[in-house]
Amino acid sequence: MSLKLKSNPSRWRFLLLFAGLIWGVGQTVLASVPPETKVQAVLIWGTDESKPTGKSLKEVDTKLREKLGKIFKWQNYFEVSRQNSGALPGKSQVIKLSEDCSVDIKILPDNTAEVKLMGKGKAIVTRRHSLTKPDALVLAGDDKNNTAWFVVLNFN
Amino acid sequence: MNTELKLQALVDGELDAREVRELETLLAQDAHSAALLQELKWTRSALVSHEADVKLPESREFYWSKISRAIEAEEKHAVTAPPERVWWLRFLYPAAGLAAMVAVMFVVSGGRTTDGSASESVTEDVNVVSFRSESEKMSVVYVADENGNFSPVSQEAKHEPEAEK
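From first to last, the protein sequence lines stand for chains A and B.
Every letter in the first sequence is one number past the one before it in this note's numbering, and letter 65, counting from 1, is 65.
Every letter in the second sequence is one number past the one before it in this note's numbering, and letter 85, counting from 1, is 85.
Derived from the structure by calculation, the hints contain no laboratory data.
All figures in this text were calculated on a predicted structure; none of them were measured in a lab.
Honestly, I wouldn't trust all of these hints.
What the hints assert, rightly or not - So, partial list: chain B residues that the calculated Cβ filter (under 10 Å) puts toward chain A:
| no. | residue |
| --- | --- |
| 1 | W64 |
| 2 | K137 |
| 3 | S154 |
| 4 | K158 |
As the list claims (entries may be wrong) - Below are the DSBU-like pairs computed for lysine-lysine, each with C-alpha atoms no more than 35 Å apart in a straight line:
| no. | chain 1 | residue 1 | chain 2 | residue 2 |
| --- | --- | --- | --- | --- |
| 5 | B | K137 | A | K91 |
| 6 | B | K137 | A | K133 |
| 7 | A | K51 | B | K6 |
| 8 | A | K120 | B | K55 |
| 9 | A | K116 | B | K137 |
The beta carbon of each residue, even a glycine, is placed where N, CA and C say it ideally should be.
Take these sequences, add in the hints, and give me the full structure.
The following block contains the structure:
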């Protein structure tokens, strides 16, 4: 017995419809998987003094240093810690940056990120940041001895 | 069947012999029916003898060949217009409408989420100054802790003159 694929228009139409159905189901499955938002969090210390001796601090990259230098008054910016993570929509993602500091990030349905700066387990400030613009979110504050701390968050 | 119809059937020659005899008996007794029969016969005679003699200007074979060619032309036209084209064209208008609806929804939802999402809440003993630097593409939230308790950078990481001395 031999199978012959006849040039039947109704058969081709059925195959076309079937292929379209498979494609549609595939697209629906892909769309139902929520995209992960990549988050980079950097804890920075700003000071006018030179790099402390015997410390493993490194200076922030030139581009970020220039940006911070145009907004803030400090001369030196040292990177204390850096964390890369991913945040799924609707789920809180905690990124620990130091012993006493972490950020709790939640991606909201309206394409914003709710960022909680946590200090010793307590929310210091909560900020809603729009993800429609490529802006970095910088949480900052005064530290002892006329220095400052910065938490720079980048989303993409 | 009433009498008038029977008389018409008699004129048309549609009655059998028994019905004809019955009707003739009736006509012998009923003058009104006899007059009606006579009138119907005249009418028939007038129609038959004065019917216009219409002749086809073309021969019978030529007339039917024209009909045959018209049928063939229609069949050929039906073959040249493939049914697949008609099939997908039926989905074109609903698909275009759906695409327009999705585009409108996208524009409406996009306009709502672009701005106005930047907001913050703080604890009671903390003051916050927030601003956006357009040139540096940065949104800044500066926290002024009145008590000075919060210091995310650990003492080990910093250069503390008191600790070193």
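- Item | Given pair status - K6 (chain B), K51 (chain A), alpha carbons within 35 Å | violated (131 Å)
- Task: Below or equal to 35 Å on CA atoms is what counts here, so check K120 (chain A) against K55 (chain B).
- Result: Measuring from Cα to Cα gives roughly 113 Å; hence the hint is violated.
- Task: Return the status of the interface hint for W64 (chain B): holds when the least beta-carbon distance to chain A is below 10 Å, violated otherwise.
- Result: violated (34 Å)
- Query: Has the given pair, K116 (chain A) with K137 (chain B), been kept, meaning a C-alpha gap of at most 35 Å?
  - Reply: holds (21 Å)
- Query: Is the interface hint for K158 (chain B) satisfied, with its Cβ closer than 10 Å to some Cβ of chain A?
  - Reply: This hint holds: K158 (chain B) lies near chain A, its Cβ roughly 6 Å from the closest one there, short of 10 Å.
- Task: For the hint on S154 (chain B), just tell me whether its beta-carbon gets within less than 10 Å of chain A.
- Result: holds (5 Å)
- chain A contact restraint on K137 (chain B) - CB to CB distance below 10 Å: holds (5 Å)
- Message: Can you confirm whether the C-alpha distance between K137 (chain B) and K91 (chain A) stays at or below 35 Å?
- Response: holds (26 Å)
- Compare the distance between the alpha carbons of K137 (chain B) and K133 (chain A) with 35 Å, and conclude whether the hinted pair is satisfied. With Cα atoms ~9 Å apart, K137 (chain B) and K133 (chain A) stay inside 35 Å; holds.
In terms of the numbered hints stated before, the structure departs from hints 1, 7 and 8, listed from lowest to highest.
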